[in-house]
Amino acid sequence: MKLNHLISIKDIGKKEVLKILEESEKMENLLHSKKAVKIMDGKILATLFYEPSTRTRLSFETAMKRLGGAVIGFTDIKNTSVMKGETLGDTIRVISDYADIIAIRHPYEGSARLASEYATVPIINAGDGSNQHPTQTLLDLYTIKREVGKIDGINIAFIGDLKYGRTVHSLCHALSLFNNIKITFISPEELRIPKEIISDLEKNNTEFCEKGHIDLKGIDVVYMTRIQKERFPDLNEYQRVRGTYKLTLKHVENKNLIIMHPLPRVDEIDPRVDNLPQAKYFKQSFYGVPVRMAILKILLEN
Amino acid sequence: MKLNHLISIKDIGKKEVLKILEESEKMENLLHSKKAVKIMDGKILATLFYEPSTRTRLSFETAMKRLGGAVIGFTDIKNTSVMKGETLGDTIRVISDYADIIAIRHPYEGSARLASEYATVPIINAGDGSNQHPTQTLLDLYTIKREVGKIDGINIAFIGDLKYGRTVHSLCHALSLFNNIKITFISPEELRIPKEIISDLEKNNTEFCEKGHIDLKGIDVVYMTRIQKERFPDLNEYQRVRGTYKLTLKHVENKNLIIMHPLPRVDEIDPRVDNLPQAKYFKQSFYGVPVRMAILKILLEN
Amino acid sequence: MKLNHLISIKDIGKKEVLKILEESEKMENLLHSKKAVKIMDGKILATLFYEPSTRTRLSFETAMKRLGGAVIGFTDIKNTSVMKGETLGDTIRVISDYADIIAIRHPYEGSARLASEYATVPIINAGDGSNQHPTQTLLDLYTIKREVGKIDGINIAFIGDLKYGRTVHSLCHALSLFNNIKITFISPEELRIPKEIISDLEKNNTEFCEKGHIDLKGIDVVYMTRIQKERFPDLNEYQRVRGTYKLTLKHVENKNLIIMHPLPRVDEIDPRVDNLPQAKYFKQSFYGVPVRMAILKILLEN
Numbered sequence: 001m002k003l004n005h006l007i008s009i010k011d012i013g014k015k016e017v018l019k020i021l022e023e024s025e026k027m028e029n030l031l032h033s034k035k036a037v038k039i040m041d042g043k044i045l046a047t048l049f050y051e052p053s054t055r056t057r058l059s060f061e062t063a064m065k066r067l068g069g070a071v072i073g074f075t076d077i078k079n080t081s082v083m084k085g086e087t088l089g090d091t092i093r094v095i096s097d098y099a100d101i102i103a104i105r106h107p108y109e110g111s112a113r114l115a116s117e118y119a120t121v122p123i124i125n126a127g128d129g130s131n132q133h134p135t136q137t138l139l140d141l142y143t144i145k146r147e148v149g150k151i152d153g154i155n156i157a158f159i160g161d162l163k164y165g166r167t168v169h170s171l172c173h174a175l176s177l178f179n180n181i182k183i184t185f186i187s188p189e190e191l192r193i194p195k196e197i198i199s200d201l202e203k204n205n206t207e208f209c210e211k212g213h214i215d216l217k218g219i220d221v222v223y224m225t226r227i228q229k230e231r232f233p234d235l236n237e238y239q240r241v242r243g244t245y246k247l248t249l250k251h252v253e254n255k256n257l258i259i260m261h262p263l264p265r266v267d268e269i270d271p272r273v274d275n276l277p278q279a280k281y282f283k284q285s286f287y288g289v290p291v292r293m294a295i296l297k298i299l300l301e302n
Numbered sequence: 001m002k003l004n005h006l007i008s009i010k011d012i013g014k015k016e017v018l019k020i021l022e023e024s025e026k027m028e029n030l031l032h033s034k035k036a037v038k039i040m041d042g043k044i045l046a047t048l049f050y051e052p053s054t055r056t057r058l059s060f061e062t063a064m065k066r067l068g069g070a071v072i073g074f075t076d077i078k079n080t081s082v083m084k085g086e087t088l089g090d091t092i093r094v095i096s097d098y099a100d101i102i103a104i105r106h107p108y109e110g111s112a113r114l115a116s117e118y119a120t121v122p123i124i125n126a127g128d129g130s131n132q133h134p135t136q137t138l139l140d141l142y143t144i145k146r147e148v149g150k151i152d153g154i155n156i157a158f159i160g161d162l163k164y165g166r167t168v169h170s171l172c173h174a175l176s177l178f179n180n181i182k183i184t185f186i187s188p189e190e191l192r193i194p195k196e197i198i199s200d201l202e203k204n205n206t207e208f209c210e211k212g213h214i215d216l217k218g219i220d221v222v223y224m225t226r227i228q229k230e231r232f233p234d235l236n237e238y239q240r241v242r243g244t245y246k247l248t249l250k251h252v253e254n255k256n257l258i259i260m261h262p263l264p265r266v267d268e269i270d271p272r273v274d275n276l277p278q279a280k281y282f283k284q285s286f287y288g289v290p291v292r293m294a295i296l297k298i299l300l301e302n
Numbered sequence: 001m002k003l004n005h006l007i008s009i010k011d012i013g014k015k016e017v018l019k020i021l022e023e024s025e026k027m028e029n030l031l032h033s034k035k036a037v038k039i040m041d042g043k044i045l046a047t048l049f050y051e052p053s054t055r056t057r058l059s060f061e062t063a064m065k066r067l068g069g070a071v072i073g074f075t076d077i078k079n080t081s082v083m084k085g086e087t088l089g090d091t092i093r094v095i096s097d098y099a100d101i102i103a104i105r106h107p108y109e110g111s112a113r114l115a116s117e118y119a120t121v122p123i124i125n126a127g128d129g130s131n132q133h134p135t136q137t138l139l140d141l142y143t144i145k146r147e148v149g150k151i152d153g154i155n156i157a158f159i160g161d162l163k164y165g166r167t168v169h170s171l172c173h174a175l176s177l178f179n180n181i182k183i184t185f186i187s188p189e190e191l192r193i194p195k196e197i198i199s200d201l202e203k204n205n206t207e208f209c210e211k212g213h214i215d216l217k218g219i220d221v222v223y224m225t226r227i228q229k230e231r232f233p234d235l236n237e238y239q240r241v242r243g244t245y246k247l248t249l250k251h252v253e254n255k256n257l258i259i260m261h262p263l264p265r266v267d268e269i270d271p272r273v274d275n276l277p278q279a280k281y282f283k284q285s286f287y288g289v290p291v292r293m294a295i296l297k298i299l300l301e302n
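Chains as they are written, first to last, in the numbering used here: chain A, 1 to 302; chain B, 1 to 302; chain C, 1 to 302.
Since the hints were made in silico from the structure, they are not lab data. You may find that some hints are simply not true.
Since the list can't tell identical chains apart, any single copy or any two copies may satisfy a pair.
[Unchecked claim] Computed list of lysine-lysine pairs in BS3-like fashion (alpha-carbon distance at most 30 angstroms, straight line):
1) LYS297 - LYS250
2) LYS163 - LYS84
3) LYS84 - LYS246
4) LYS35 - LYS84
5) LYS195 - LYS84
6) LYS2 - LYS203
7) LYS84 - LYS10
8) LYS203 - LYS34
9) LYS84 - LYS145
10) LYS283 - LYS84
11) LYS34 - LYS150
12) LYS78 - LYS283
13) LYS2 - LYS255
14) LYS84 - LYS211
15) LYS182 - LYS78
16) LYS14 - LYS229
17) LYS84 - LYS250
18) LYS78 - LYS203
19) LYS78 - LYS246
20) LYS19 - LYS35
21) LYS26 - LYS229
22) LYS150 - LYS163
23) LYS182 - LYS19
24) LYS34 - LYS195
25) LYS38 - LYS297
A quick note: this is a predicted structure, and the numbers were derived from the prediction, not measured.
Just chain A, same shape as in the assembly (with noise of 0.2 angstroms):
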């Protein structure tokens, strides 16, 4: 396996996905054990996070310490030497002669592939504004192979933000690429699955369909989002489509269904919800650790 660095999911096939998915599993299983791990002992990853985002970060940073190697970086904009004006570029080149491998999350649509260009060590986009996110797309089929079983054959619903949710996209894009799964996208009108997604399932003949309320028969995964604030140019739209669409006791109990969630949540669910056996939003957001893990063993291996 040949990857040199991890930009867009769109860039790797079935074969790599599976690949880091095993891997992961071994991955957890050196977490569970508890020992102190030197696969990563004297390297550094630099975390360059030009937009806030401790959960990614910290999750990057956890990966990397279990693996007995070090992190630096920083975790805002204001104090770097962007603000005297140095370009991405330059940025880049100086960090690979630091780091061994960089994760980078930046606001802009492209960064992370910009940076590659430059970098002389492996890059990981943790981020490029609303464009990708490869590292959730790949946690989140993780956690649909260990708590659903498989991934070929699943039947999963998207239900919420699903014009401006990323996580969304990247992740029927990375469905696509496996055998009879079926998907739902449940949202409001004016934040339905946008042309382009609908676009790409078709051209991979992946079944779907669209519904505008919650309805889970038959459905394998439910997969949440976050109805975000920040992604309204109108507030009143905001105010009238959040919580249309929050998960409540009777859309799930006594389904056999797991639910999913990419985190942070703000009411979308019911916190009742938790603790039920299906509720595995947490459970997803630790799997991120052994994801992390594995994607920086197999890039650094490269």
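With chain A fixed as given, assemble chains B and C onto it according to the hints.
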């Protein structure tokens, strides 16, 4: 000793306090040996600072790193998911899956207790508003033990802001667990020790008195406090009392006592006092490291 | 070699400089070996950045972590006790008890020297205002040594902001310790090299001349500088001189010289120059790591 979390000094009895002080002494010896310690090799401490406190954060990080462990965390609420509306409970559930132990500092009273209800790993309260800061109290006790040679039977004077001073309140409670303690409270009228603290002392039969001026006859330990501007709703009130209770050479020269201060200080101690052998406030700050090492070790062993 | 602190390049003589450069070469070999190094195992570096400087901070952190050590610190004055009125002396006394060595960056001249008076561990000046930044000077010298093959006898041209450029002033002083150096200062009238620097060179019999245009005949080393907006009280003055002293292909093609720049740069070097073998500014940035490793090692060995 069964200690799951360290939320309040009031949760632990004399036996636990003595056990922590004993373990702290072992940790201090480890530090003096200058050897690389591997007790926490492979373990991760999360420092979640929702409110800035460089000294406390660096002391915890030093403790963990001196034990051979790693640290993840944030120093500022601005860059966290909290800004996206996430509850403290959700953050704690997520971080519990990243780290082996969590130190939390939060501006709201009761937040550390709340965190411990969601955590699946030990929580250490690193300060929750004006409420509790138990590791400070333990390092205060350790300083007394190391520098006076005993805790039972000491004669201690608290000077300055005794109304708002969280460290004073907690230390008073902790001292009331010991025998034959005598406490002198020295403060301006408007910053007198609160009635609840007095009641607590009376309940435990701890001897105390109140004074309006500095008088250190027979005192073993002087505990100075900063008169914190941010505690005063009225700046005029602050201006009037600051400097009134300032410790100078004449108060302490040729007296067999030690001077403590939780730091940072502003101008409540004459700088010439720093050079006296009685001045122990920097030593006290240093003792924060072995005490926090002991707490990390004890909590992670359970 | 007895070096307690590294505050100013003027504190150390040629012998110490050569010793640091020699140790840097060993450190560079260690880095190239890609082995996990344990020289600083169990040791802690504190990076106290009262002023943001991502590049310098990450370079120090990388150096310490490549040596197997740990790092604590802050990146921003906002989250420090300074905001509560603490003096630098008190902060340094406290941090001296946490860390084995301290790198400090501070906006005020003389602050690193002041810090060294309170510290009980070695202090490294990582920049104090427009005054000193000795590790930059040492990495500049190391770059010359490694890329030209020698320091004695070189012919160096400094271009751009020679008035406010701290790195230029310090490097001039350091070069004056070597033999047969020839310096050409190329700058607009309002950014000419200050009289103090000229006097220093004259005292050491270092040959120099001043020019108002770029002319690189016989030059071995071109040292470019950024014309920093923040140094100019008058924005009009800045607008007038920026871009005037821009290095282009025609200045350096087919010439046997190396091009250095302390970075970050804005537009003072044509991007096409980056691909020339003469362009060494990213290499120079990389050399900051082995040089800082050497400095950490030498100071901690004393």
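Right, here's what the structure says about each hint:
1. For a Cα distance limit of 30 angstroms, the shortest separation of LYS297 from LYS250 qualifies neither inside one copy, at 42 angstroms, nor across copies, at 45 angstroms.
2. For a Cα distance limit of 30 angstroms, the shortest separation of LYS163 from LYS84 across copies, 19 angstroms, qualifies, whereas the shortest one inside one copy, 36 angstroms, does not.
3. In this assembly of identical chains, LYS84 and LYS246 lie within 30 angstroms of each other by CA distance solely across copies; the values are 17 angstroms between and 45 angstroms within a copy.
4. Taking the shortest alpha-carbon separations for LYS35 and LYS84, neither the intra-copy value of 44 angstroms nor the inter-copy value of 35 angstroms comes in at or below 30 angstroms.
5. For a Cα distance limit of 30 angstroms, the shortest separation of LYS195 from LYS84 across copies, 28 angstroms, qualifies, whereas the shortest one inside one copy, 40 angstroms, does not.
6. When the C-alpha separation of LYS2 and LYS203 is checked against a cutoff of 30 angstroms, the pair qualifies only within one copy, where the shortest distance is 26 angstroms, while the shortest distance between copies is 60 angstroms.
7. In this homomeric assembly, LYS84 and LYS10 come within 30 angstroms of each other (Cα to Cα) only across copies, at 28 angstroms, whereas the closest approach inside a single copy is 34 angstroms.
8. For a Cα distance limit of 30 angstroms, the shortest separation of LYS203 from LYS34 qualifies neither inside one copy, at 44 angstroms, nor across copies, at 46 angstroms.
9. Taking identical chains as interchangeable, the C-alpha atoms of LYS84 and LYS145 lie at most 30 angstroms apart only when they sit on different chains, with a minimum of 29 angstroms there against 46 angstroms within one chain.
10. Proximity of LYS283 and LYS84 under a CA criterion of 30 angstroms is satisfied inter-copy only: 20 angstroms between copies versus 41 angstroms inside one chain copy.
11. In the homo-oligomer, the alpha carbons of LYS34 and LYS150 lie at most 30 angstroms apart inside one protomer (27 angstroms), although the nearest pairing across protomers, at 39 angstroms, exceeds that limit.
12. Taking the shortest alpha-carbon separations for LYS78 and LYS283, only the inter-copy value of 26 angstroms comes in at or below 30 angstroms, while the best intra-copy value is 33 angstroms.
13. Taking the shortest Cα distances, LYS2 and LYS255 never come within 30 angstroms of each other, neither inside one copy (41 angstroms) nor across copies (40 angstroms).
14. Only between protomers do LYS84 and LYS211 lie at most 30 angstroms apart by alpha-carbon distance; the minimum there is 27 angstroms, versus 49 angstroms within a single protomer.
15. In this homomeric assembly, LYS182 and LYS78 never come within 30 angstroms of each other (Cα to Cα): the closest approach is 44 angstroms inside a single copy and 40 angstroms across copies.
16. Taking CA atoms no more than 30 angstroms apart as the test, LYS14 paired with LYS229 passes in neither setting, with 34 angstroms inside one copy and 50 angstroms between copies.
17. When the C-alpha separation of LYS84 and LYS250 is checked against a cutoff of 30 angstroms, the pair qualifies only between copies, where the shortest distance is 27 angstroms, while the shortest distance within a copy is 55 angstroms.
18. With identical chains, the CA atoms of LYS78 and LYS203 are never at most 30 angstroms apart, being 43 angstroms at best within one copy and 42 angstroms at best between copies.
19. Within a single copy, LYS78 and LYS246 get their C-alpha atoms only as close as 36 angstroms, which misses the 30 angstroms cut-off; across copies the closest is 27 angstroms, which meets it.
20. Taking identical chains as interchangeable, the C-alpha atoms of LYS19 and LYS35 lie at most 30 angstroms apart whether they share a chain (24 angstroms) or sit on different chains (27 angstroms).
21. For a Cα distance limit of 30 angstroms, the shortest separation of LYS26 from LYS229 qualifies neither inside one copy, at 38 angstroms, nor across copies, at 52 angstroms.
22. In this assembly of identical chains, LYS150 and LYS163 lie within 30 angstroms of each other by CA distance solely inside one copy; the values are 27 angstroms within and 61 angstroms between copies.
23. For a Cα distance limit of 30 angstroms, the shortest separation of LYS182 from LYS19 inside one copy, 23 angstroms, qualifies, whereas the shortest one across copies, 59 angstroms, does not.
24. In this homomeric assembly, LYS34 and LYS195 never come within 30 angstroms of each other (Cα to Cα): the closest approach is 46 angstroms inside a single copy and 48 angstroms across copies.
25. Taking identical chains as interchangeable, the C-alpha atoms of LYS38 and LYS297 lie at most 30 angstroms apart whether they share a chain (12 angstroms) or sit on different chains (22 angstroms).
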